[in-house]
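Number of protein chains: 2
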Amino acid sequence: MKGRATWDVRATNFAKKTFNPIRDIVENMNITPHPDKPMIALSIGDPTVFGNLRPAESVVDAVVDSVRSGKNNGYVPATGTLQARQAIAEYMTCPGAPVEAKDVIICSGCSCSLDLCVSVLCSPGSSILVPRPGFPLYTTLAEGFGCTSKYYNLLPEKNWQVDLVHLESLVDDTTVAIVINNPSNPCGSVFPKSHLRAIADIAVKYKIPIIADEIYDNFVFEGEEYHPIASVHPELPVLACGGLTKRFLVPGWRMGWIAVHDRNGAMQEVLGCLRTLSQRIIGSNTIVQGALPDILSKTPQSFFDDTLKQIQVNARYCYESVQKMPGLTPILPQGAMYMMVRINMDEFPEFATDLEFVEAMVAEESVFCLPGKCFNIKNFFRIVLTVPEETMKVACQRMTSFCIAHHTGQKQTKIHEDS
Amino acid sequence: MKGRATWDVRATNFAKKTFNPIRDIVENMNITPHPDKPMIALSIGDPTVFGNLRPAESVVDAVVDSVRSGKNNGYVPATGTLQARQAIAEYMTCPGAPVEAKDVIICSGCSCSLDLCVSVLCSPGSSILVPRPGFPLYTTLAEGFGCTSKYYNLLPEKNWQVDLVHLESLVDDTTVAIVINNPSNPCGSVFPKSHLRAIADIAVKYKIPIIADEIYDNFVFEGEEYHPIASVHPELPVLACGGLTKRFLVPGWRMGWIAVHDRNGAMQEVLGCLRTLSQRIIGSNTIVQGALPDILSKTPQSFFDDTLKQIQVNARYCYESVQKMPGLTPILPQGAMYMMVRINMDEFPEFATDLEFVEAMVAEESVFCLPGKCFNIKNFFRIVLTVPEETMKVACQRMTSFCIAHHTGQKQTKIHEDS
Ligand SMILES: Cc1ncc(COP(=O)(O)O)c(C=O)c1O
Ligand SMILES: Cc1ncc(COP(=O)(O)O)c(C=O)c1O
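The listed protein sequences correspond, in order, to chains A and B. Take 1 as the starting number for the first sequence in this note's numbering and just add one per residue. Take 1 as the starting number for the second sequence in this note's numbering and just add one per residue.
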């Protein structure tokens with residue numbers, strides 16, 4: 001037949017399978033706050049919403065200069081300007097993991113970086129290994145391409161380190177990549193070097209490349225160390241995804257990148273194809289690209305320190321408060337801007353799921369946290385730690401009241417964060 | 001087998017099939033300019049490269065204000081902020097084609113808009129109808145999804161209007177969309193309302209939605225009129241793609257959009273899926289989004305008039321010059337920023353193809369135009385009209401010398417642009 005008999009325009013499977021579980025869960029949740037208590041949203045991973053965390057002035061100035069210069073309005077290579085890629089290469093280079101401008105692809109935010117990585121590796125019938133609990137975007141992106149996500153467990157009792165035996169058991173001949181998210185959303189965990197090496201060993205053993213979601217690079221609390229996974233093993237090919245989003249407190253600016261750590265020439269085809277794929281949408285805006293050399297090299301260390309200090313103060317305070325709340329077990333984070341809390345469900349017989357728990361906490365206390373369900377784990381919820389200190393205190397008071405009101409039975413033994 | 005025996009990381013078909021013919025052709029071309037003559041690149045569709053065309057001051061100010069305000073750093077909905085979508089809706093609304101904020105998806109440039117349209121409509125085994133000559137991105141985007149491009153002819157002797165009989169003959173049961181690019185790259189043509197209606201009638205007859213690439217909206221010379229195709233037929237569902245890129249002279253800013261003209265509810269599924277797809281990369285940067293209401297409503301008309309005047313002066317001058325060059329036949333443009341020139345190949349026996357002609361013109365005269373091959377048509381080349389007037393004059397002199405040097409035989413009769 002020529003054309004269609006009715007106006008019945010169908011969307012592709014690619015589009016229909018692109019499915020964001022967080023959005024779906026949140027849209028179907030009952031999140032009506034208590035009418036007498038202003039809502040406290042500890043749910044959104046956007047450090048800018050409360051006004052306490054702002055980008056560095058020098059960063060804003062660099063962007064203003066970039067716009068005013070009139071030099072950054074035109075088309076640039078789809079992978080980004082040489083200067084911007086060079087700045088990223090310098091920023092990312094570290095012992096054991098040098099990066100050159102030619103290895104960098106600039107993208108419209110880290111989501112776009114991950115989209116390109118998935119587009120280049122995930123085909124129908126393949127699978128990727130993704131963390132549980134984890135950021136759901138990996139699965140959202142892969143499903144469209146007919147690629148299955150297999151979930152490897154993170155262990156709460158081991159600071160959310162990877163269950164290596166489980167990870168290894170999931171590798172098979174369909175595995176095209178292992179996704180590592182370090183520091184982690186939603187866990188706030190930061191992997192020590194030895195653990196990264198153990199993960200790398202598995203990847204190298206089976207010759208599976210890593211997609212490293214390092215959007216929280218360097219976002220670690222005092223005393224912790226951040227290591228890019230590419231730096232721990234000289235033979236491991238890594239697509240390292242990063243960006244300005246979190247550390248520079250500018251999620252809306254959509255500045256992300258991929259650094260391709262080719263090893264043994266394993267990533268030559270992939271690198272070439274990433275460059276071609278970047279032409280589908282022609283990268284990220286030139287205003288921020290023009291400012292990138294200044295942003296990455298001139299932002300004062302004190303800016304990063306101040307941000308992390310605020311978050312760490314909240315993390316400590318919130319951890320200690322939650323520890324005292326009956327029926328809850330917090331897992332102390334080492335970085336990023338989240339803390340996971342286990343709900344000892346036996347002690348809250350009113351609620352069948354973490355979702356119900358979270359909904360009731362909104363209804364009664366106007367404190368909104370995302371349920372574990374959003375990250376594919378049961379009986380947890382996630383707290384965002386970027387709120388002002390005062391707000392965090394109020395939130396903790398309200399959560400305490402909520403737990404006291406609903407808790408029945410004994411407080412369970414704590415998980416030791418340093419066990 | 002578990003994993004791989006060798007480090008043999010393969011890219012997906014999606015990535016491998018994403019292929020940009022312009023880039024491929026240009027990279028394999030011999031474009032060594034004459035050593036004594038500075039290169040004049042009449043090849044790049046970037047109005048900003050020569051410095052004569054700059055964005056309006058008010059637009060730059062709006063962006064600076066947006067950055068300085070500190071209000072546009074955070075995440076916004078993946079489809080864009082309500083204010084920005086509202087501004088776009090107002091900008092695009094016209095008699096017969098109202099647009100509301102809820103119908104708008106903000107994208108990272110018009111390329112990204114087209115990518116989303118293709119992603120939502122083009123599945124394996126389907127086909128889209130695209131113009132020849134035409135912008136090659138449609139095919140680049142569709143191929144990855146296993147969708148075939150079928151080329152409908154534009155008629156140079158009719159101001160590059162669509163060969164409607166040919167267009168209709170290409171419709172079959174695999175057709176998922178007709179792509180219309182008006183005003184056109186590479187033709188510089190602007191379709192009159194009656195012609196748009198004739199195209200719309202075919203689309204409605206077979207119930208095929210239109211993807212309208214209207215990135216050159218309103219970019220028409222004095223005396224010409226621009227009509228969005230959605231405005232000509234009340235029953236035609238259209239995905240109208242636009243952006244700031246061309247008219248506002250800021251290609252690097254990556255601000256594009258889709259306005260979904262749903263008609264008879266035909267596009268409900270598609271609209272929903274476009275919204276989901278926008279979450280893959282989370283739209284465009286918030287700095288420009290924040291400035292969009294001002295940009296779209298406060299840019300003085302004189303700015304647009306000045307831009308078009310410069311281009312039109314070049315168009316007239318270049319058209320008249322090329323008319324006098326032996327062996328060449330220019331087609332007068334009505335808008336956009338390009339002019340197509342037919343090479344009467346019989347009269348240049350030295351050159352077997354437009355590509356060879358263009359290469360020789362670079363080698364001898366350092367004037368670089370893209371060959372018709374880049375746009376899927378033989379025996380033409382495209383001239384970009386955004387260069388400074390003086391440069392255009394020098395280019396025309398050099399092209400004249402080139403034609404005189406290589407031409408043999410009689411000058412053919414002209415095609416009349418108003419025939
Ligand atoms: C783990 C993780 N990866 C990627 C992203 C996306 O970052 P971007 O906003 O740069 O796309 C986020 C955002 O929350 C994230 O938490
Ligand atoms: C016809 C046409 N459509 C789309 C685009 C892409 O526009 P953008 O730079 O906004 O992605 C161009 C750019 O040259 C074009 O000529």
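Hints are computed from structural coordinates only; laboratory data are not their basis. All of these numbers come straight from a predicted model, not from anything done at the bench. Any given hint could turn out to be false.
No distinction is drawn between identical chains; accordingly, a pair holds when it is met within one copy or between any pair of copies.
[Claimed, not checked] Straight-line distance between alpha carbons at most 35 Å, and here's what the computed DSBU-like set of lysine-lysine pairs gives:
hint, residue 1, residue 2
1, 298, 373
2, 207, 16
3, 71, 17
4, 2, 16
5, 37, 16
6, 16, 71
7, 2, 17
8, 158, 102
9, 2, 71
10, 193, 37
11, 205, 298
12, 309, 16
13, 393, 205
14, 158, 71
15, 150, 71
16, 158, 2
17, 2, 324
18, 309, 17
19, 205, 378
20, 2, 298
A quick look at each hint next to the structure:
1. For the identical chains of this complex, residue 298 and residue 373 are neighbours neither inside a copy (40 Å) nor across copies (46 Å), given an alpha-carbon limit of 35 Å.
2. Within a single copy, residue 207 and residue 16 get their C-alpha atoms as close as 32 Å, and across copies as close as 21 Å, so both meet the 35 Å cut-off.
3. Taking the shortest Cα distances, residue 71 and residue 17 sit within 35 Å of each other only across copies (34 Å), while inside one copy they are farther apart (41 Å).
4. Proximity of residue 2 to residue 16 under the C-alpha cut-off of 35 Å is found in both arrangements, the shortest distances being 25 Å within a copy and 31 Å between copies.
5. When the C-alpha separation of residue 37 and residue 16 is checked against a cutoff of 35 Å, the pair qualifies neither within a copy, at 39 Å, nor between copies, at 55 Å.
6. Proximity of residue 16 and residue 71 under a CA criterion of 35 Å is satisfied inter-copy only: 33 Å between copies versus 40 Å inside one chain copy.
7. In the homo-oligomer, the alpha carbons of residue 2 and residue 17 lie at most 35 Å apart both inside one protomer (28 Å) and across protomers (27 Å), since each shortest distance falls under that limit.
8. Taking the shortest Cα distances, residue 158 and residue 102 never come within 35 Å of each other, neither inside one copy (38 Å) nor across copies (46 Å).
9. Proximity of residue 2 and residue 71 under a CA criterion of 35 Å is satisfied in neither setting, with 50 Å inside one chain copy and 51 Å between copies.
10. In the homo-oligomer, the alpha carbons of residue 193 and residue 37 never lie at most 35 Å apart, since the shortest distance is 44 Å inside one protomer and 57 Å across protomers.
11. In this assembly of identical chains, residue 205 and residue 298 lie within 35 Å of each other by CA distance neither inside one copy nor across copies; the values are 40 Å within and 60 Å between.
12. For the identical chains of this complex, residue 309 and residue 16 are neighbours neither inside a copy (42 Å) nor across copies (46 Å), given an alpha-carbon limit of 35 Å.
13. In this assembly of identical chains, residue 393 and residue 205 lie within 35 Å of each other by CA distance neither inside one copy nor across copies; the values are 47 Å within and 64 Å between.
14. Proximity of residue 158 to residue 71 under the C-alpha cut-off of 35 Å is found in neither arrangement, the shortest distances being 50 Å within a copy and 39 Å between copies.
15. Taking the shortest alpha-carbon separations for residue 150 and residue 71, neither the intra-copy value of 46 Å nor the inter-copy value of 39 Å comes in at or below 35 Å.
16. Within a single copy, residue 158 and residue 2 get their C-alpha atoms only as close as 62 Å, which misses the 35 Å cut-off; across copies the closest is 27 Å, which meets it.
17. When the C-alpha separation of residue 2 and residue 324 is checked against a cutoff of 35 Å, the pair qualifies neither within a copy, at 69 Å, nor between copies, at 46 Å.
18. Taking the shortest Cα distances, residue 309 and residue 17 never come within 35 Å of each other, neither inside one copy (40 Å) nor across copies (48 Å).
19. Proximity of residue 205 to residue 378 under the C-alpha cut-off of 35 Å is restricted to the intra-copy arrangement: shortest distance 31 Å within a copy versus 52 Å between copies.
20. Within a single copy, residue 2 and residue 298 get their C-alpha atoms no closer than 61 Å, and across copies no closer than 46 Å, so neither meets the 35 Å cut-off.
Consistency note: the structure conflicts with the earlier hints numbered 1, 5, 8, 9, 10, 11, 12, 13, 14, 15, 17, 18 and 20.
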